[in-house]
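Novice: What follows is the residue order along each chain.
2 protein chains.
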Amino acid sequence: MKNQKRRGRRLASRGIFVWLLAAVACLSLNLRVLAQTDPLPSWNDGPAKQAIIKFVQATTTQPSPNFIPADQRVAEFDQDGTLWVEQPLYTQVVYCLDHVPALVKAKPELATVEPFKTVLSGDRAALAKLSTRQMFDIVLATQTGMTVEHFRDDVKKWLATAKHPRWHRPYTELVYQPMLEVLSYMRANGYKTFIATGGSGSFVRVYSDQVYGIPPEQVVGTAQAITYSYDGETPILSMEPRVLLNNLGAGKIENFWAVYGDRPYAAFGNSSSDDQQMLEYVKAGSGTRLSVLVVHDDPIREYVYGPAQGLPDTKVGTLSQAMYDEAKKQHWTIISMKKDWKRVFTFDK
Amino acid sequence: MKNQKRRGRRLASRGIFVWLLAAVACLSLNLRVLAQTDPLPSWNDGPAKQAIIKFVQATTTQPSPNFIPADQRVAEFDQDGTLWVEQPLYTQVVYCLDHVPALVKAKPELATVEPFKTVLSGDRAALAKLSTRQMFDIVLATQTGMTVEHFRDDVKKWLATAKHPRWHRPYTELVYQPMLEVLSYMRANGYKTFIATGGSGSFVRVYSDQVYGIPPEQVVGTAQAITYSYDGETPILSMEPRVLLNNLGAGKIENFWAVYGDRPYAAFGNSSSDDQQMLEYVKAGSGTRLSVLVVHDDPIREYVYGPAQGLPDTKVGTLSQAMYDEAKKQHWTIISMKKDWKRVFTFDK
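So the protein lines, in turn, are chains F and H.
Numbered by this note's numbering, the letters in the first sequence go through residues 1 to 349 in order.
Numbered by this note's numbering, the letters in the second sequence go through residues 350 to 698 in order.
Hints were generated in silico from the structure; no laboratory data involved.
All of these numbers come straight from a predicted model, not from anything done at the bench.
We treat Cβ as the ideally placed atom computed from N, Cα and C, and that holds for glycine.
Treat the hints loosely; a few may be bogus.
Here are the in silico distance ranges between beta carbons for each label pair [unchecked claim]:
| no. | chain 1 | residue 1 | chain 2 | residue 2 | range |
| --- | --- | --- | --- | --- | --- |
| 1 | H | G636 | F | S184 | 29 to 35 angstroms |
| 2 | H | S533 | F | A128 | 52 to 58 angstroms |
| 3 | H | G636 | F | E240 | 24 to 30 angstroms |
| 4 | H | T410 | F | A106 | 44 to 50 angstroms |
Derived DSSO-like pairs: lysine-lysine, alpha-carbon spacing no greater than 27 angstroms straight-line [what the hints assert, rightly or not]:
| no. | chain 1 | residue 1 | chain 2 | residue 2 |
| --- | --- | --- | --- | --- |
| 5 | H | K505 | F | K283 |
| 6 | H | K632 | F | K156 |
| 7 | H | K403 | H | K632 |
| 8 | H | K688 | H | K632 |
| 9 | F | K129 | F | K117 |
| 10 | H | K403 | H | K687 |
Among the chain H residues that face chain F by a calculated CB cut under 7 angstroms, a handful are [to be verified]:
| no. | residue |
| --- | --- |
| 11 | S551 |
| 12 | E566 |
| 13 | I575 |
| 14 | T583 |
| 15 | E603 |
| 16 | V608 |
| 17 | Y609 |
| 18 | G610 |
| 19 | Y630 |
| 20 | A633 |
Using the sequences and the hints, build the whole thing.
Specialist: As structure tokens, then:
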């Protein structure tokens with residue numbers, strides 16, 4: 001009887017031991033499966049995907065000579081052509097063009113003045129030839145004279161109804177699924193993700209949190225001057241037709257330092273006119289840095305432009321052959337949309 | 350025997366019941382104690398403390414007609430004179446003055462030019478009479494020509510050794526303990542806390558996280574222009590003697606909208622020249638808004654200036670009688686450092 005009891009206890013404790021062992025095995029398996037879950041499922045295996053994962057692992061996992069403390073993990077992303085579609089026109093430019101008729105109605109003298117004359121003509125070929133300066137003039141002329149709240153509400157309203165001419169979907173759906181995965185993956189590893197856009201920060205902030213999970217204070221963009229005044233006794237802030245922060249070209253990294261005060265560890269861009277200095281400056285930092293170039297080479301699922309098509313270097317917003325060559329020389333990571341992305345949009349099967 | 354067993358079981362289950370009851374009572378007591386823990390222990394009970402707590406409760410606890418969704422909870426804080434001591438000179442001005450001798454050594458022609466002549470004279474009375482424009486000239490002349498990293502490192506080094514002439518402590522210890530509690534209390538209730546300073550954002554960002562728990566992207570300040578160039582083949586960013594963002598006066602709220610894009614629900618300031626428009630604009634928003642004015646009326650523990658001393662309205666950085674009267678009229682919350690604060694500094698007993 002005593003022996004039976006002892007044996008029973010031994011069996012019971014052995015049972016608990018086996019159960020514990022199984023539990024530990026299960027847990028470690030789960031952890032391993034978790035660790036092996038692909039953080040970038042919309043990416044094909046290749047040098048771009050590997051470079052991004054390698055960078056994140058090297059900078060966030062101890063022990064590593066390139067470990068970065070959590071409060072210094074910062075990554076900067078261009079928007080147009082890097083996070084979402086920028087063809088045939090920048091979304092914000094479409095917004096402004098849609099407002100030109102109302103503007104000319106209010107100021108009829110503009111009807112015969114360039115660039116408004118071209119806009120009203122509806123001549124797409126002529127429109128595509130407008131210079132950056134002329135685009136700026138259109139943006140400043142349409143986004144002005146109203147209160148800051150009025151502008152914000154109007155952008156919200158426009159985004160809710162406007163559709164892209166090719167996909168017939170809201171512009172906010174034309175974001176690249178693989179890049180959304182990069183944003184999530186980097187944030188899950190303690191990186192703060194910033195948008196650095198040549199467009200108006202006040203335009204992008206309307207949807208950045210909803211679309212990219214990026215809060216307003218992490219959007220750095222071109223900024224118009226804003227003026228404080230009174231409407232009767234009520235204080236108001238109004239949009240002025242004057243550039244306060246020019247976030248194009250070198251301005252993109254100059255202004256990032258002016259409002260944040262540090263060099264990012266990673267930067268993603270696609271344009272030689274607007275992303276080159278940011279990508280160069282990030283790559284020139286000490287330790288491991290990641291500079292990534294998105295190349296538009298997918299004629300079926302998106303567009304082909306830049307070096308893939310051999311467009312002239314002067315074309316705004318596209319990638320020049322010279323910058324492509326520099327990227328290769330400086331060991332930036334190059335993303336081929338065609339080869340590296342399993343799917344382009346969230347709505348793609 | 351059976352009865353005894355049953356009674357035993359009954360007693361045991363009653364024991365468990367009593368134990369559970371005690372545990373629940375304990376837990377609810379703990380929760381109540383937790384809820385009753387004073388979020389602002391360095392504050393005396395009074396209208397200022399009550400107004401801050403009432404505002405936070407009304408905007409963050411459901412049901413409330415003035416509930417604010419978590420992603421819209423934003424509060425803005427002036428720094429000098431609101432979060433830390435600004436007398437006898439702004440800390441950043443002291444930093445710049447300390448750099449004038451080296452500047453004049455490099456550029457001897459400045460020795461006979463104002464305002465540098467006055468600075469070199471060491472005449473404190475004359476120094477105190479320098480205009481804002483002259484202060485700006487000193488800041489721009491000393492904080493220039495170096496790379497952005499060099500400037501940041503130099504500020505860090507200076508802060509580690511410089512001491513306040515009255516307390517003989519590092520400037521970063523001269524922060525107001527009651528205001529640190531407000532920052533923590535608001536953040537614990539989902540508010541994002543921003544610094545809106547007339548000083549250089551790039552100066553404040555060096556210590557804002559460590560001292561206030563405010564990350565760099567939540568510091569909006571005056572910004573100098575920064576220029577991208579190359580040192581040999583290495584890209585560098587250098588400080589220019591030109592103002593990019595002027596965050597004084599109305600600029601404080603204009604620039605906040607330019608880089609954030611929304612109206613804060615709460616704002617704290619102390620100066621008529623630099624905080625008035627921010628406080629007015631915040632208070633003019635819909636729903637419950639909190640505009641708070643810190644009055645320096647404690648001659649023993651800190652300083653007396655502004656309406657408490659009847660200084661002239663034109664004195665920079667102080668509170669004019671006119672603004673004090675406006676604050677009363679518009680039902681802003683007024684903090685008397687003398688009456689409302691149990692202690693001023695963390696190191697106070």
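Novice: Taking the hints in turn, state whether each one holds.
Specialist: Comparing the hints with the structure gives:
Between H:G636 and F:S184 the beta carbons are some 33 angstroms apart, a value that agrees with the proposed interval 29 to 35 angstroms. Range check, H:S533 to F:A128: about 54 angstroms between beta-carbon atoms, so the 52 to 58 angstroms window is met. Range check, H:G636 to F:E240: Cβ separation about 28 angstroms, and the 24 to 30 angstroms hint holds. Range check, H:T410 to F:A106: Cβ separation about 46 angstroms, and the 44 to 50 angstroms hint holds.
Between H:K505 and F:K283 the alpha-carbon distance is near 25 angstroms, which keeps this suggested pair within the 27 angstroms criterion. Straight-line distance between C-alpha atoms of H:K632 and F:K156 comes to about 25 angstroms, which keeps the hinted pair within the 27 angstroms bound. Proposed proximity of H:K403 and H:K632 is supported: the alpha carbons are some 15 angstroms apart, at most 27 angstroms. Taking the CA atoms of H:K688 and H:K632, the gap is about 24 angstroms. The hint holds against a cut of 27 angstroms.
Distance restraint check for F:K129 and F:K117: the Cα-Cα separation of roughly 13 angstroms lies within the 27 angstroms cut-off, and the hinted pair is therefore satisfied. Pair hint H:K403 plus H:K687 holds up; C-alpha atoms about 22 angstroms apart against a cutoff of 27 angstroms. Given the 7 angstroms rule on beta carbons, the hint for H:S551 holds: about 5 angstroms separates it from the nearest Cβ of chain F. Interface restraint check: H:E566 against chain F, minimum CB-CB distance 5 angstroms, threshold 7 angstroms, status holds.
Restraint check, H:I575 versus chain F: the minimum CB separation of about 4 angstroms is within 7 angstroms; hint holds. Look at H:T583: its Cβ gets to within about 6 angstroms of chain F, closer than 7 angstroms, so that hint holds up. Among the interface hints, the one on H:E603 holds; its C-beta lies about 4 angstroms from the nearest C-beta in chain F, closer than the 7 angstroms criterion. Below 7 angstroms, beta-carbon pairs count as interface contacts, and H:V608 has one with chain F at about 6 angstroms; its hint therefore holds.
Checking H:Y609 against chain F by beta carbon gives a least distance of about 5 angstroms; that is within 7 angstroms, so the hint holds. Hint status for H:G610 relative to chain F: holds, with the closest Cβ pair at about 4 angstroms, below 7 angstroms. About 5 angstroms separates the beta-carbon of H:Y630 from the nearest beta-carbon of chain F, less than 7 angstroms, and the hint is met. Satisfaction of the interface hint for H:A633 is found here, the shortest Cβ-Cβ separation to chain F being roughly 5 angstroms, below the 7 angstroms cut-off.
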